Amino acid sequence: ETGVTQTPRHLVMGMTNKKSLKCEQHLGHNAMYWYKQSAKKPLELMFVYNFKEQTENNSVPSRFSPECPNSSHLFLHLHTLQPEDSALYLCASSQDQLRNTEAFFGQGTRLTVV
Amino acid sequence: DQQVKQNSPSLSVQEGRISILNCDYTNSMFDYFLWYKKYPAEGPTFLISISSIKDKNEDGRFTVFLNKSAKHLSLHIVPSQPGDSAVYFCAASGRQGAQKLVFGQGTRLTINP
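So the protein sequences, as listed, match chains A and B. Numbering-wise, the first sequence is residues 1 to 114 according to my numbering. Numbering-wise, the second sequence is residues 115 to 227 according to my numbering.
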């Protein structure tokens, strides 16, 4: 248990569906992140939020829309995805995005787009 | 351009022996390095880190070595145990801290009894 919880753990969605991934952290951290892990590729940073403000968008397509209502919660809204978007989506948090501290990861959501 | 590279996709070691996982980086601005461990169906968990002002950091069976001139770091696990079987990711960050954590592709370590 890392203190970062992601739901759902698994998600299968059609290309015309709209769904959301949820992440919650109980560590009192101020920074939260979305990462994508595709098969045989390194973890790719998608978005960074620091004190609820988005500070990084790593050239992510607009069909992925993040939302951070407070420092403890992070969402990733999905719409009109493509099959190549199938991957493991990981949420992480850290004390402060600018400090050299480790990030704590959730267990991930395994997304399959059909 | 991959800034953090783990050139060995897999490694097999006998139980009780030493496991050595390697990582190379290209960005000289990186000054903080981390190792994460990942079991199937779980997120990565932090294992050990090292700042560029050090060349060695030890935590129990785990030791990380940093060679700045060679832009190389390694993780030593001794003695290796079956529970160490997992995928190990090397990661690096620079002045922008955790915001710009860059990961390697991972090395799958298998400990054989």
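No lab work stands behind these hints: they were computed from the structure. Misleading hints may appear alongside valid ones.
[As the list claims (entries may be wrong)] Once the Cα atoms are required to be at most 30 Å apart in a straight line, the calculated DSS-like pairs of lysine-lysine come out as:
| hint | chain 1 | residue 1 | chain 2 | residue 2 |
| --- | --- | --- | --- | --- |
| 1 | B | Lys119 | A | Lys36 |
| 2 | B | Lys214 | B | Lys182 |
| 3 | A | Lys36 | A | Lys22 |
| 4 | A | Lys41 | A | Lys52 |
| 5 | B | Lys168 | B | Lys185 |
| 6 | B | Lys119 | A | Lys19 |
| 7 | B | Lys185 | A | Lys18 |
| 8 | B | Lys182 | A | Lys19 |
| 9 | B | Lys168 | B | Lys119 |
| 10 | B | Lys182 | A | Lys22 |
| 11 | A | Lys52 | A | Lys18 |
| 12 | A | Lys19 | A | Lys40 |
| 13 | B | Lys170 | A | Lys22 |
| 14 | B | Lys185 | B | Lys119 |
| 15 | B | Lys119 | B | Lys170 |
| 16 | A | Lys36 | A | Lys18 |
| 17 | A | Lys18 | B | Lys182 |
| 18 | A | Lys19 | A | Lys36 |
| 19 | B | Lys119 | B | Lys182 |
| 20 | A | Lys36 | A | Lys52 |
| 21 | B | Lys214 | A | Lys52 |
| 22 | A | Lys18 | A | Lys40 |
| 23 | B | Lys170 | B | Lys182 |
| 24 | A | Lys19 | A | Lys41 |
| 25 | A | Lys19 | A | Lys52 |
| 26 | B | Lys214 | A | Lys41 |
| 27 | B | Lys214 | B | Lys185 |
| 28 | B | Lys214 | A | Lys19 |
| 29 | A | Lys41 | B | Lys182 |
| 30 | B | Lys214 | B | Lys170 |
| 31 | A | Lys52 | A | Lys22 |
| 32 | B | Lys185 | A | Lys22 |
| 33 | B | Lys168 | A | Lys22 |
| 34 | A | Lys18 | A | Lys41 |
| 35 | B | Lys170 | A | Lys41 |
| 36 | B | Lys214 | B | Lys168 |
| 37 | B | Lys119 | A | Lys41 |
| 38 | B | Lys182 | A | Lys36 |
Because the structure is a prediction, the values reported are computed rather than measured.
Results for each hint:
no.: 1; hint: B/Lys119 / A/Lys36; in the structure: 18 Å, holds
no.: 2; hint: B/Lys214 / B/Lys182; in the structure: 19 Å, holds
no.: 3; hint: A/Lys36 / A/Lys22; in the structure: 14 Å, holds
no.: 4; hint: A/Lys41 / A/Lys52; in the structure: 28 Å, holds
no.: 5; hint: B/Lys168 / B/Lys185; in the structure: 13 Å, holds
no.: 6; hint: B/Lys119 / A/Lys19; in the structure: 34 Å, violated
no.: 7; hint: B/Lys185 / A/Lys18; in the structure: 44 Å, violated
no.: 8; hint: B/Lys182 / A/Lys19; in the structure: 45 Å, violated
no.: 9; hint: B/Lys168 / B/Lys119; in the structure: 21 Å, holds
no.: 10; hint: B/Lys182 / A/Lys22; in the structure: 39 Å, violated
no.: 11; hint: A/Lys52 / A/Lys18; in the structure: 23 Å, holds
no.: 12; hint: A/Lys19 / A/Lys40; in the structure: 25 Å, holds
no.: 13; hint: B/Lys170 / A/Lys22; in the structure: 38 Å, violated
no.: 14; hint: B/Lys185 / B/Lys119; in the structure: 11 Å, holds
no.: 15; hint: B/Lys119 / B/Lys170; in the structure: 20 Å, holds
no.: 16; hint: A/Lys36 / A/Lys18; in the structure: 18 Å, holds
no.: 17; hint: A/Lys18 / B/Lys182; in the structure: 47 Å, violated
no.: 18; hint: A/Lys19 / A/Lys36; in the structure: 16 Å, holds
no.: 19; hint: B/Lys119 / B/Lys182; in the structure: 15 Å, holds
no.: 20; hint: A/Lys36 / A/Lys52; in the structure: 20 Å, holds
no.: 21; hint: B/Lys214 / A/Lys52; in the structure: 17 Å, holds
no.: 22; hint: A/Lys18 / A/Lys40; in the structure: 27 Å, holds
no.: 23; hint: B/Lys170 / B/Lys182; in the structure: 11 Å, holds
no.: 24; hint: A/Lys19 / A/Lys41; in the structure: 24 Å, holds
no.: 25; hint: A/Lys19 / A/Lys52; in the structure: 21 Å, holds
no.: 26; hint: B/Lys214 / A/Lys41; in the structure: 17 Å, holds
no.: 27; hint: B/Lys214 / B/Lys185; in the structure: 18 Å, holds
no.: 28; hint: B/Lys214 / A/Lys19; in the structure: 27 Å, holds
no.: 29; hint: A/Lys41 / B/Lys182; in the structure: 25 Å, holds
no.: 30; hint: B/Lys214 / B/Lys170; in the structure: 23 Å, holds
no.: 31; hint: A/Lys52 / A/Lys22; in the structure: 15 Å, holds
no.: 32; hint: B/Lys185 / A/Lys22; in the structure: 37 Å, violated
no.: 33; hint: B/Lys168 / A/Lys22; in the structure: 38 Å, violated
no.: 34; hint: A/Lys18 / A/Lys41; in the structure: 26 Å, holds
no.: 35; hint: B/Lys170 / A/Lys41; in the structure: 28 Å, holds
no.: 36; hint: B/Lys214 / B/Lys168; in the structure: 21 Å, holds
no.: 37; hint: B/Lys119 / A/Lys41; in the structure: 11 Å, holds
no.: 38; hint: B/Lys182 / A/Lys36; in the structure: 29 Å, holds
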